[in-house]
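2 protein chains.
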Amino acid sequence: MKKSFVERPPSLGATHTDHSEYQKAKNIELIKDRQRHLGNSILFYHDPVQLVRGEGVWLFDESGRAYLDCYNNVPSVGHCNPRVVKALADQARQLNTHTRYLHKSVVEYAKKLSGLMPRNLDVCMFVCTGTEANELAMRIARAVTGHKGAIVMEYSYHGNSTLISEMSTFDSCPNTRPAHVIAVEPPNTYRGPFRANESSLGEKYANLVDDAIAELDARGQKTAAFMCDAIFDSQGGLEAPHDYFQLVYEKVRAAGGLCIADEVQPGLGRTGNMWGFQNYDVVPDIVTLGKPMGNGHPVAAVVTTPEIAESFAASNIYFNTFGGNPVSAEVGMAVLDIIVDDALVENAKSTGAHLRKGLEELASRHPIIGNVRGLGLYQAIELVLDHDTKEPAVSVARQLPDAMKEEGILIGLAGRVGNVLKIRPPLVFSKENANQLLAVLDRILP
Amino acid sequence: MKKSFVERPPSLGATHTDHSEYQKAKNIELIKDRQRHLGNSILFYHDPVQLVRGEGVWLFDESGRAYLDCYNNVPSVGHCNPRVVKALADQARQLNTHTRYLHKSVVEYAKKLSGLMPRNLDVCMFVCTGTEANELAMRIARAVTGHKGAIVMEYSYHGNSTLISEMSTFDSCPNTRPAHVIAVEPPNTYRGPFRANESSLGEKYANLVDDAIAELDARGQKTAAFMCDAIFDSQGGLEAPHDYFQLVYEKVRAAGGLCIADEVQPGLGRTGNMWGFQNYDVVPDIVTLGKPMGNGHPVAAVVTTPEIAESFAASNIYFNTFGGNPVSAEVGMAVLDIIVDDALVENAKSTGAHLRKGLEELASRHPIIGNVRGLGLYQAIELVLDHDTKEPAVSVARQLPDAMKEEGILIGLAGRVGNVLKIRPPLVFSKENANQLLAVLDRILP
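Taken in order, these protein sequences are the chains called A and B.
So the number in the numbering used here is just where the residue sits in the first sequence, counting from 1, plus 243.
So the number in the numbering used here is just where the residue sits in the second sequence, counting from 1, plus 243.
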């Protein structure tokens, strides 16, 4: 199971790994206690920030200093949203038990959630985390197809269990992966094996899936599923050619596989559409959801068709102790209601467009910005040393999160070599918040 | 991935599987909606109970009828315990974010939790569910040992992910299991391959692990871990011979494997000791926790030694978005505090002993009871048609949960053929509650 790190993934790993570097940090005693009892767990920043309070798009440290949150995609409807907290507390006071007893909330929640999905994605299976959702999706895909293989992107991240970490290729080399996992090159239109200005770029990238299917066949695995997230978060927030997913879905289905949309990050409004896959006019066979579903409460789901759900249930028992309990259901419904009532999908689209325009304006004055891309309130800027060679500006990028934290902005990196600044704030982010971020970026970027 | 069911597991599956049987049920419209949007998910009872409120050991249906909860091990400190609800609501109002920022609560919680563990089990890795805990434990065991194989019990249940469901042997036959999983016969002192009155029973059962280790070696897998829960929940609540775990741990460690105690069910007081493994005077290398940790809030953990944690972290990045967030940490601490302040471990011991005495008294008058066993507030009675042949009284047992529900008692079955009634109430169960249960059992049992 040992993995050799190609590159420390900045979007997933710590700003750094050597804990001796914390020696100059403000909260050194807390850090030492933490290292002793939490082990070498991931901690952001060279001088890690201690947060004590959150409200809307703002986080506050122990000295009362405010930070504009441009990083966190879990508290989508705003940190400590009072409607969510009320739903949580009210139901926790009333009843919290598993779903083997009848309860109205989980049924109502499933109706509401599937009502927001394309036709026939009618069955919800509730779990607690994105990992559990992707695990269940793969169990379903394998049971229903009778195949074992998975096609994922290079440098993907889908979760932390054994199978799903094998399918998370960000920290593995192709030759160390198990036979059932094949990664294809993500459809990068800025850099990659194909020329960006070719009109058939979507087709060229999609054709890589033909090779993956053939290779899984050759290995005796066959294609159970294609799993991909529509914003390509770990790859640095790509915008795929519009026909990419349509072409890939056709190929995967022709090979007898299922198409799984990992909507843990893009789902629930992030991209300016309710679902990330809507940006590409496809309908998946299985949708997995997580992170923002409970605004921080651990709730996640697999949504699929009655036919697929039934085929799985015919030969598999699945039960999740906490999944879909009354508290999770009430919290999940509150989040859906807020997204609709407060028009947060529309806000992701309009504020996202405003932010994008600002980032493009910055790019015209800061040559270190090689590319601006993204959907809705997921925007990414790729930093390069040279516009022709596109050499990644890795060391500049790696200093940015620390530097921006000093300016009161929390932000993170993404991409294979960590030269992409990703902007992924709560969906209640306003145009004024975007302007604050843009002003700091303008001041800090070389 | 298709599994062939040896036997529908009564402890894990529904009372029945044919949804057409619900036709006469009271809440038929809700059941139909549920089937449409939750799929064929597990639902207890032929006339499923709709619960709307919980308090202490009591659950209430929509008509206001009270049920004594003798089944649920998650709400350990009582349904809707006000101290837990307050901790949950107060922290959710304040801040809820991941652990890549510094926060005092998770460090304090880890200190408190590891403070209750044997020496050197000092590092806590927080996750959301027992499945995630067992997944992480296996990832750690494989990474640290360099081996792949797992030794588990026959008819085990450890969780619902791909790897952990492969290690959950309750619904698979030996010849359909992957090469890395070997199940041994659980140390049943009532029935099984060895004679119950032999003094060397612990040794005989433990020796089966020698064969498992040899078989994993022969398959080129080698032993990464032995995983077992100390109450043998799915096997029908066994009491192992006292030397069993000591002997097995020695063998597993000699083979280079790690000993994982799945304390998701026995942990946190259930057995009358804080940890199930304490009943057998062993110290595991890795402890996994779940269910009662948050009294229903999805929090779980892996606890291990600094050496093992460090060895894993050297080659693996692990991060869990919701695991150990401030809300989970505050809820988890509230549960620990209540267990200590309200002396619930002691209550599990004393009320468990009272219940046990009553069950033994029932056994003396109801010949259908073949065996009474269990630890603390996990007690099991095995129903048989004949004390000599020990033929399981399957059909009587299967009618009991429905019949007892009609008498206002919620209870479940366990064991390979479902002839074991398991009594596993919240730890706030009183002697009076035990007497209520005993009176109903006396009335209902043939």
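Derived by calculation from the structure, the hints in this document are not laboratory data.
Among the hints, erroneous ones may be present.
[To be verified] Once the Cα atoms are required to be at most 30 Å apart in a straight line, the calculated DSSO-like pairs of lysine-lysine come out as: (1) B/Lys269 to A/Lys354; (2) A/Lys354 to B/Lys354; (3) A/Lys648 to B/Lys354.
Computed from a predicted model, the values in this text were never measured in an experiment.
Which numbered hints fail: 2
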